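J.: Respectively, the protein sequence lines represent chains Y and C. The first sequence: position 327 = 327 (my numbering), numbered continuously. The second sequence: position 131 = 131 (my numbering), numbered continuously.
There may be inaccurate statements among the hints.
Examples of chain Y residues toward chain C, derived with CB under 8 Å [unchecked claim]:
| id | residue |
| --- | --- |
| 1 | Y93 |
| 2 | R94 |
| 3 | V279 |
| 4 | Y283 |
| 5 | H390 |
| 6 | N553 |
If you are wondering where the hints come from, they were derived from the structure by calculation, not from laboratory data. The structure displayed is predicted, hence computed values, not measured ones. Even glycine gets a Cβ: it sits at the ideal position worked out from N, Cα and C.
Next come the chains, spelled out residue by residue.
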Amino acid sequence: MTTLAASPKLISKAPSGPIESRWTRHVDALKLINPTNKRKFTILVVGTGLAGASAAASLAELGYHVKTFCLQDSPRRAHSIAAQGGINAAKNYRNDGDSVWRLFYDTIKGGDFRAREANVYRLAELSVHIIDQCVAQGVPFAREYGGLLDNRSFGGAQVSRTFYARGQTGQQLLLGAYSAMMRQVEAGRVELYPRREMLDLVLIHNQARGIICRNLVTGQLEAYVGDAVVLCTGGYGNAYFLATYAKNSNATAIWRCYKRGALFADPCFTQIHPTCIPVTGDYQSKLTLMSESLRNDGRVWVPKKKGDTRPPNEIPEDERDYYLERKYPGYGNLAPRDISSRAAKAVCDERRGVGASGKAVYLDFSDTIREKGLDYIKEQYGNLFEMYQHITAEDPYRVPMRIYPAVHYTMGGLWVDYNLMSTIPGLFVLGEANFSDHGANRLGASALMQGLADGYFIIPYTIGDYLADASLPKVKPDQREFRETQAEVEAKLKRLLAIQGDKTLLEFHRELGLLLWDYVGMARNAQGLQQAIEKIRHLRQEFWQNVKIPGSNDMLNKSLEMAGRVADFLELGELMALDALQREESCGAHFREEYQTPDGEALRNDERFSHVAAWEYAGEDQPPELHKEPLVFEFVKPTVRSYK
Amino acid sequence: MTLHLRIWRQAHAQASGRFVSYTVKDLSPDMSFLEMLDVLNEELTKKGEAPVEFDSDCREGICGTCGFVIDGVAHGPRRGRTVCQLYLRDFRDGQSVTLEPFRAKAFPVIQDLVVDRSAFERIIAAGGYISVDTGSAPDANSILIPKEVAEGAFDAAACIGCGACVAACPNASASLFVSAKIAHLALLPQGQPERHRRVLKMVAQMDRENFGNCSNHGECEAVCPKNISIKQIALMRREYLTEIWKNFRAL
């Protein structure tokens with residue numbers, strides 16, 4: 001294999017040597033700041049989901065002065081709260097052969113060998129401490145009768161290592177991190193700034209030294225000074241309009257940092273989750289996930305016959321195709337997300353899909369109900385079944401659920417080194433906002449793990465190393481750099497409001513979403529991607545000439561908030577398509593139709609694409625510059641990913 | 001289907017508000033209630049009028065962001081659901097529906113249906129946590145918690161902090177919200193060391209925030225989208241009285 005030299009912009013700082021001790025040795029070599037000096041540093045943490053809340057709490061416990069910002073009215077509402085199924089940890093409490101190594105291996109393989117080995121090993125290593133921390137905070141995880149913690153299985157693994165709190169694991173973990181942060185609020189070490197949206201990053205001597213926020217109640221722009229900025233603002237899946245994200249989730253913070261010089265890595269790696277409630281109409285505002293944990297007990301099937309419109313209970317057993325069990329007997333219904341989603345698309349493309357739109361497959365619990373009883377299902381998944389019933393008005397205890405893939409997570413994000421620092425000194429990126437440890441496909445129950453590992457156990461160590469060495473002159477929020485950045489933000493808001501065209505934001509956003517779904521969705525090809533780039537450019541031009549935004553800048557104005565986000569999605573969407581176009585291989589969730597095996601599986605090209613693709617902004621309407629960080633595998637041999 | 005809406009419009013916190021009527025047509029019964037408001041806002045925007053501001057985020061009933069009063073009931077007609085989990089099939093074609101914000105002294109209106117619930121943050125900051133610094137936790141399985149206890153704690157911990165309980169209470173009491181956190185932590189072994197100071201501090205903060213007292217109306221339980229039981233309030237009172245009595249005896 002030819003060795004690719006890393007771009008000088010992308011020094012990963014990942015340590016070498018035996019993988020088991022890399023993180024420990026790295027920590028030993030990091031510089032420290034003595035406890036009395038820590039309080040002299042102010043850290044701005046943007047976003048208060050699992051990564052942000054855990055980082056804010058842990059940094060404040062160490063003595064740093066922390067300011068946290070969130071666009072919701074309360075930090076407890078960040079979208080981590082909606083994670084249902086669980087969190088992985090290599091505790092091996094089941095005695096089923098789990099280990100740090102195996103979680104590392106599953107995650108690297110699950111990501112189709114497109115993540116850094118050292119990062120993923122560290123993630124697996126830290127996973128065990130996360131569970132300890134959360135239990136100590138009072139997170140009410142599911143228990144067995146003996147009082148020990150319970151586990152279940154998730155996709156892409158053959159062990160039971162997922163800890164859970166009914167179908168509300170994200171909620172309980174977030175409330176744990178939030179409560180730890182609120183304890184620091186009381187102690188005076190964390191200041192909360194809710195209903196604030198970060199609209200730009202302020203650089204002084206090329207260091208991240210502050211942010212410009214819009215106060216979402218008054219419309220005022222506010223400048224905040226810090227010694228470092230920690231972005232924990234989540235993923236960008238709402239670019240697709242219909243997604244399982246919260247309505248306000250957006251890419252604005254990371255996108256504006258990209259435009260200030262932070263490199264954006266692997267933007268085309270977007271996860272389409274196989275088990276979501278299908279789209280019902282064009283008025284729809286979002287999609288709802290049905291947890292992957294349901295695949296522990298539900299069987300996925302479609303009719304064998306094309307265009308079979310009989311109700312599911314009238315289709316006899318031998319006329320059903322349990323296609324996941326058939327194609328992937330080793331993992332069956334627990335095949336990883338990318339593979340399960342593509343398989344669902346394939347059977348629907350063959351006109352074997354079910355429901356009114358033909359874009360759905362069945363997730364059937366009748367066998368489990370027969371074997372283990374209704375009470376078992378109620379206890380395990382009661383709230384999910386209820387949610388399904390609310391949305392569809394169908395009773396999943398009686399008829400199989402109808403599910404279809406939907407946009408759920410983004411593996412891409414701002415590029416970070418092993419210390420979670422972006423290419424801008426002093427700008428750290430945690431959780432889903434960074435390009436992360438999940439490679440080209442994230443396994444279930446790993447997002448919560450990564451967000452909390454970053455916030456509780458990595459940033460508290462690595463930020464000190466930066467602060468100890470950085471030269472940080474005193475800055476004021478009224479100095480030139482702040483004033484200039486604020487003026488740019490203000491000009492953009494005014495420009496948006498001044499257009500007063502004919503089309504609403506929702507119309508633009510829906511149109512962009514459909515483009516991305518059709519061309520940069522579950523299956524992509526060169527021609528489609530080129531078309532998408534053209535079409536997105538046109539749409540963007542039209543947006544800046546013809547969007548209609550009501551209200552003014554000096555008040556609560558949710559349309560104006562959304563306008564900035566949609567404007568950014570219209571730029572990011574093009575980069576997603578460009579990244580997908582240049583990656584001439586299929587890997588994980590990135591499936592290029594030109595590159596597949598005879599039986600339709602993803603065909604990787606390690607020779608040419610065993611690297612992270614990181615894009616550098618080059619100015620308005622200029623093609624971004626591509627940088628590459630080679631991915632070297634010393635411990636795991638990249639193989640054809642098989643779940644058969 | 002068609003809905004006739006009467007919606008509380010208020011430009012900002014200091015402005016006086018009033019009800020404004022709107023009719024929205026060509027709706028699908030499978031549409032969510034908030035999607036219906038999205039449709040209304042699209043129409044208002046196109047006509048050059050100010051859209052109706054309301055908070056919502058996850059739109060799947062877990063973040064606690066959304067919430068207003070529909071025909072006098074916080075979160076509307078379906079028990080155990082948030083506003084975002086209502087569908088138009090829960091309403092009749094041609095029905096008249098009145099929307100107004102959660103009303104309580106401690107929840108000032110910001111605009112239209114958007115209110116300020118930051119009082120809840122200050123109550124949690126007063127003691128709604130277990131003091132455990134990152135890195136100092138023992139192995140997770142070294143703390144045995146019987147299944148029933150964990151389930152009981154979960155029932156209380158399921159609170160989403162939406163504030164419907166306050167809006168529904170004739171006294172605008174936050175007792176259900178506060179008791180849910182107190183019960184969650186008081187039931188677990190990890191919560192024991194701070195159990196006593198926690199209840200005193202959180203209740204004191206609740207009082208400072210201008211919430212009323214609980215007088216057992218039970219309206220909070222009736223509107224709670226997570227079906228949190230009023231028995232949590234009984235538990236909170238028992239915890240509180242025990243502490244007060246202990247302090248009294250110590251005098």
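J.: Against this structure, judge whether each hint is valid.
T.: Each hint, compared with the structure:
no. : hint : verdict
1   : Y93  : 6 Å, holds
2   : R94  : 12 Å, violated
3   : V279 : 11 Å, violated
4   : Y283 : 5 Å, holds
5   : H390 : 5 Å, holds
6   : N553 : 14 Å, violated
When the structure is compared with the earlier hints, violations turn up for hints 2, 3 and 6 and for no others.
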